[in-house]
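What follows is each chain in one-letter form.
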Amino acid sequence: MTDAVVLQSKNLAGERAPSRRPYLLAMIILAVLGATLPFWVTNSPFLLILASHAVVAAIVALSLDLLTGNTGLLSFGHAAWYGFGAYAAGLLSKNFSSEILVILPLTVMAASLTALAIGAILVRQIGKTFAILTLALSQIFYALVFVFSDRTGGEDGLQGVPIITAFGQTVASPEAWYWLLYGVLVASLAGALYLRTTPLGRAWLAIKENTERARFIGINTGALKLIAYVFSAGLASLAGALFVLFNGAVSPDVLHWFESGKILMYVVLGGVGTIVGPIFGAAAFTLTEHYVSSVTDAWLIYFGGLFVLIIIVAPGGLFGIAGSLYARLAAGRETRS
Amino acid sequence: MTLQINGLSRRFGGLKAVNDVTTSIADRAIHSIIGPNGAGKTTLFNLVTGALAPDAGRISFQGQDITGWTPERLAGIGIARTFQRTSIFKDLPVVENVALSIRSRRGMNRSLMRSAATERSIDVEARDILAWVGLSSKEHIRAGSLAHGFQRALDIAIGLALKPKIILMDEPLAGMSRGDRETVATLITRLREEMGLAIVVVEHDVGMVMRLSDRITVMQHGKVIAEGPPAAVREDEAVKNAYLHGNFAA
Ligand SMILES: Nc1ncnc2c1ncn2[C@@H]1O[C@H](COP(=O)(O)OP(=O)(O)O)[C@@H](O)[C@H]1O
Ligand SMILES: [Mg+2]
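Those sequence lines, one after another, are chains A and B.
Just so you know, we're using our numbering here: the first sequence kicks off at 1 and counts up by one.
Just so you know, we're using our numbering here: the second sequence kicks off at 1001 and counts up by one.
Errors might be hidden in some of the hints.
As the list claims (entries may be wrong) - Label pairs and their in silico Cβ distance ranges: (1) Ser-293(A) to Leu-1015(B): 56 to 66 Å; (2) Arg-328(A) to Arg-1085(B): 29 to 39 Å; (3) Glu-1119(B) to Gly-183(A): 45 to 55 Å.
FYI, nobody ran anything at the bench for these hints, they're computed from the structure.
Each residue gets a CB set at the ideal place from its N, CA and C atoms; glycine is no exception.
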């Protein structure tokens, strides 16, 4: 182990941390590429739809990292809130209003209030118990879809979601949808990055790192975990709502434990707690899943293997690998010059 | 009296780890708790700081009954502690360890506001406290990379940032070199002289305890077997027996 790891460069002459400029530049380029994607794939509309699915996956991955990356609480059932959002928004659009500015706030509010009530019990549990209870919760939601199958469509899924409107204008074109989803992703990312810098975000990290110490400096760890849980559930429900409105239908699969496993994989693949990483994890997973599953039925086996490999050789995820590669390159340059 | 403990008990299964303890800690006192391993000293700290709930007995602080309060609530009224096994935020920079404590004291834990001016004032305060415990120029090091003695000092700094009225330190000198022990001993005296704190210390180095303390409580098998100023405790027969095979005479 190194004796002293210098985290910030100011005031410490000679021990400069690698510059953040190339990193920022890469992010800006990627963000611009993402925003202009509809212009690059004009002759293959399917790619744009695939990209839209990837963006939805990225939002839900970000939502889980809000919880796990900030407070260390591990959820095995995050699909519960994704599915909640999808069904709530689907039902609202069919029975109440097709205006997205009505559906989304109502859905997120309903999910947040439900998460507040359920989370109040969940966050008192630690570690494994919490993880298992989140799984149980998602199974309950899953079962509820079948119990109320006359409203939810049961096994057939919720069909016939109407084309929605925004400010009274219909939103139907794949480009419009892509930009809408992408806009939500960028806004959520900005929000999550901002949170990290606030006193609340700092206190979350303290809880993640040493919950006991955090309590003894007066941090109400239960309340702060609950806030993270509600934020996380709210954003996941937003992703679910966008998904059903974009897709026009939803099946109970979105609430299946397998969906929860996938969301967790996005985060682990991208790097827990890195905020940006899970977005790339989700995008990489969605694209690979699509292409690999069309080649072989055994794709799940490969993913399982990849997952195990990542946890063993690169617990920091893709983002962690990129970060350490960059740090090593930068260090190499400095010693040579 | 700053802290009053009355008939406090806590058992683990059949073991009475703390058994009917009554004592009090005076304002601005350096009050040591000694006793062999397993005497119940850490359990007593856990009861007083809210980590454990007592089975019986009452605790009051400055006249207010605080029995059964949570650690976060106790921290809020000025009861701080350090841990037998150093407890810090290892992956965060040294200065952030202390800043977390300051923000918490200022009631900012749920704040979504990011104010550069506030963060600057927190940074200044944190650096002050770090200088105070001898950690100047180490502000931006990852806390877990500090040497053992410095991690202990940081644990104390995190507690001090709460501006407590009383601080309970569980074996702050354990595993330290002679020189480091002197440094921490001096620090403890200064806490009382310059900050006006009451300090409760669990410590095995009896020579050090005799020199530092105003008052000593001796525990054995969960019970208080003697209490008084150092000179009286040194002559106590029960204490001599308890330490017959120990290093009490050292
Ligand atoms: N959480 C616990 N569960 C069960 N037994 C415990 C627990 N904490 C302490 N004990 C027991 O209580 C007794 C007192 O322990 P402790 O307070 O740590 O003593 P000291 O700090 O004086 O060495 C010991 O016998 C210890 O094994
Ligand atoms: Mg102990």
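Against the structure, the hints come out as follows:
no.: 1; hint: Ser-293(A) to Leu-1015(B): 56 to 66 Å; verdict: 58 Å, holds
no.: 2; hint: Arg-328(A) to Arg-1085(B): 29 to 39 Å; verdict: 34 Å, holds
no.: 3; hint: Glu-1119(B) to Gly-183(A): 45 to 55 Å; verdict: 30 Å, violated
The structure is inconsistent with hint 3 alone, although it conforms to all the rest.
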